[in-house]
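Line by line, the protein sequences are chains A and B.
According to our numbering, the first sequence is numbered sequentially starting from 1.
According to our numbering, the second sequence is numbered sequentially starting from 1001.
Calculated from the structure, these hints are not laboratory results.
You may find that some hints are simply not true.
[Unchecked claim] Distance condition first, Cα-Cα at most 30 Å in a straight line; then the derived DSS-like pairs of lysine-lysine:
{"hint": "1", "chain 1": "B", "residue 1": "Lys1321", "chain 2": "A", "residue 2": "Lys7"}
{"hint": "2", "chain 1": "A", "residue 1": "Lys117", "chain 2": "B", "residue 2": "Lys1173"}
{"hint": "3", "chain 1": "B", "residue 1": "Lys1158", "chain 2": "B", "residue 2": "Lys1138"}
{"hint": "4", "chain 1": "B", "residue 1": "Lys1111", "chain 2": "B", "residue 2": "Lys1152"}
{"hint": "5", "chain 1": "A", "residue 1": "Lys117", "chain 2": "B", "residue 2": "Lys1309"}
{"hint": "6", "chain 1": "A", "residue 1": "Lys75", "chain 2": "B", "residue 2": "Lys1152"}
{"hint": "7", "chain 1": "A", "residue 1": "Lys75", "chain 2": "B", "residue 2": "Lys1321"}
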Amino acid sequence: MPEVLLKTIGLAKTYQMGEVQVQALRCVDLEVRSGEFIAIMGASGSGKTTLMNLLGCLDHSSTGEYILDGIPVHKMNDNELTAIRNQKIGYVFQSFYLLPRTTALENVELPLLYCHKCRLRERHEKATKALEIVGIQDRAHHHPNQLSGGQQQRVAIARAIVNDPVFILADEPTGNLDTRTSIEVMNVFQQLHAQGKTVVLVTHEMDIAMYAQRHLTFRDGRLISDKINPNPKSAKADLLKLPKADAEETT
Amino acid sequence: MSILGILRIALKSLARNKTRTFLTMLGIIIGVAAVIAMLAIGQGAKKIVEDQVNSMGTNVIQVFSNFSQSTVRAGAGGGNLLNMGDMEAIRDQVNGVLYVSPIYNTFGQLKYEGKNWRTGVMGVDADFFLIRDMKIAKGESFHSSDVDNGAKVCVIGKTVADNLFGDIDPVDKIIRIRNIPFTVKGVLEAKGQSVMGGDQDDTVIAPYSTVYTRLLGHRWRMMTIIVSAVSREQIHLVQQDILELLQVRHRGTTSEEFMVRSQTDLAESANEVSNTMTILLASIAGISLLVGGIGIMNIMLVSVTERIKEIGIRRAVGAGKQDVLLQFIIEAVSISIMGGILGIFLGTGAAKVVSNAMKWNVAVTAWSVILSVGFSMAIGIFFGWYPAKKAANLNLIDALRYE
Ligand SMILES: Nc1ncnc2c1ncn2[C@@H]1O[C@H](COP(=O)(O)OP(=O)(O)O)[C@@H](O)[C@H]1O
Ligand SMILES: [Mg+2]
Chain A
1 MPEVLLKTIG LAKTYQMGEV QVQALRCVDL EVRSGEFIAI MGASGSGKTT
51 LMNLLGCLDH SSTGEYILDG IPVHKMNDNE LTAIRNQKIG YVFQSFYLLP
101 RTTALENVEL PLLYCHKCRL RERHEKATKA LEIVGIQDRA HHHPNQLSGG
151 QQQRVAIARA IVNDPVFILA DEPTGNLDTR TSIEVMNVFQ QLHAQGKTVV
201 LVTHEMDIAM YAQRHLTFRD GRLISDKINP NPKSAKADLL KLPKADAEET
251 T
Chain B
1001 MSILGILRIA LKSLARNKTR TFLTMLGIII GVAAVIAMLA IGQGAKKIVE
1051 DQVNSMGTNV IQVFSNFSQS TVRAGAGGGN LLNMGDMEAI RDQVNGVLYV
1101 SPIYNTFGQL KYEGKNWRTG VMGVDADFFL IRDMKIAKGE SFHSSDVDNG
1151 AKVCVIGKTV ADNLFGDIDP VDKIIRIRNI PFTVKGVLEA KGQSVMGGDQ
1201 DDTVIAPYST VYTRLLGHRW RMMTIIVSAV SREQIHLVQQ DILELLQVRH
1251 RGTTSEEFMV RSQTDLAESA NEVSNTMTIL LASIAGISLL VGGIGIMNIM
1301 LVSVTERIKE IGIRRAVGAG KQDVLLQFII EAVSISIMGG ILGIFLGTGA
1351 AKVVSNAMKW NVAVTAWSVI LSVGFSMAIG IFFGWYPAKK AANLNLIDAL
1401 RYE
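Take the sequences, apply the hints, and build the full model.
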């Protein structure tokens, strides 16, 4: 069995909305091992994003423990969380969140800018490499508004992997994409997974979840099912079956 | 993140909104320009005043009747008009007096071989040249014997020499002052303009005895006395003694009826003028820097709101609060320093214009440049702090979700 990469014990998050308390996440116990490819599913409002934000160290939990790579994250302060985000986590958002008027290459370099050890030359090399991995190196000097949705999401994935994180989190990465582009993006995740990356992604489409190895389902902030996907699909194979799309997206 | 990297980001985002950035800078530009001009002009004015005061001679004291008082009292027969007796008394009775000379001022039409020039004529004692440190460029000055004899001799300033003689050497030539022939004994060294803008070289100096009898014609005998004290320290005492002496000699007058002014008094009043100007410029500078600073704060707040999402993204990929804080402060400081540098150019330009117009030697010093840059930097930090702090303290999740 590979080592446990992250572990949560009784993780919970309560939002205060004026008078009302919203229990977005209730008592989640979860273990993710190194090299897993997990899909998180659930209806809208079931707490998926909340969990991802906690796992991604973007937010503090209300109660419970979260141990990442041996580090008790729930005890860390803001500055320490910032460093963990920078060094250990690659986060992919549904709506890409690329900086506008900034080239793809510079967007990918962004995490490295805030990593104090990283020299300029090394930054360019790493960012170029990451763009190659997601297959979009020829668009390195394009701005986000010159890229299609699928291309933007690839740039975002490149940004997520540029720091060689211990795992990749993706919150509905295909939510804004059409079917073919979605499969292309899933292909990228599967390739990263094949290279040994741990991937946790959120989706509410079963089709997308089928590319993952393990399915977690949430309802009302609770983890209600945790199943192994006996035969995950191959995005690469599916792409070949699909009719050729317009030239731009196949690059 | 390195300061250089943050600086690049800041400049890029400022370049994106060039017009806005420039308008934001305007307050700082005007403020710093005012500071630069103020320091340059102030310095220039101070130097001019000093030179002028020094060119008046050494340890000079001037004694006048207070004109408005004297007219009031003229009807009462006594009066505070100064006379030769006063001058002799000052020379003989006041301790610490080195030289004394009367001054009679009048005007006259000068003529030399068909050329005409109208100017002021001063009647003085031979010691006057020593009191006022006046040097002779050509020829010589007149002597006490000339004064005793009422000799029709004179010394002329350079402007007079130029206008009456052109290229001819004026020494020993005879000019006519109000048709009375005077022999030119010498030409004064040029002194240039005075603080008040008058031409100090447009003058004729003659023995007071001659001026008194030949030119004043017993009608207008207003006289002033010029004194030099033996040392700088004595000036004040000598002033007091002269005032007391005059009150004793002119029975029934008050101290207000005489003015005993020293060189330092003049310097002070001249400095007062330049200080007033400095204060005026300083308040323009101060207000404009304050308004400029508030402008920066305002634009930075707008900029933070516009870029909430960007802040969220940067924070999400590993920018610390410190990084965000620094980014916005550096942006504010970039605006203020650029404004400062443009202000230095503008201020230097203004100082140049003033120095050309007033013929002053107005100099922008390195010190004032450093002061302005430092000051604009401080303004950037001070007014950039609040917006930057606001940016840094944004809730990360809220920032990412912001639309
Ligand atoms: N910042 C927030 N403030 C208040 N309530 C929130 C916030 N974020 C999420 N919630 C609430 O928490 C619950 C779970 O939300 P979320 O984790 O976004 O669900 P999902 O991603 O599964 O759609 C929802 O009821 C949502 O309204
Ligand atoms: Mg969600």
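Check each numbered hint from earlier against the structure, then list the numbers of those it violates in ascending order.
2, 6
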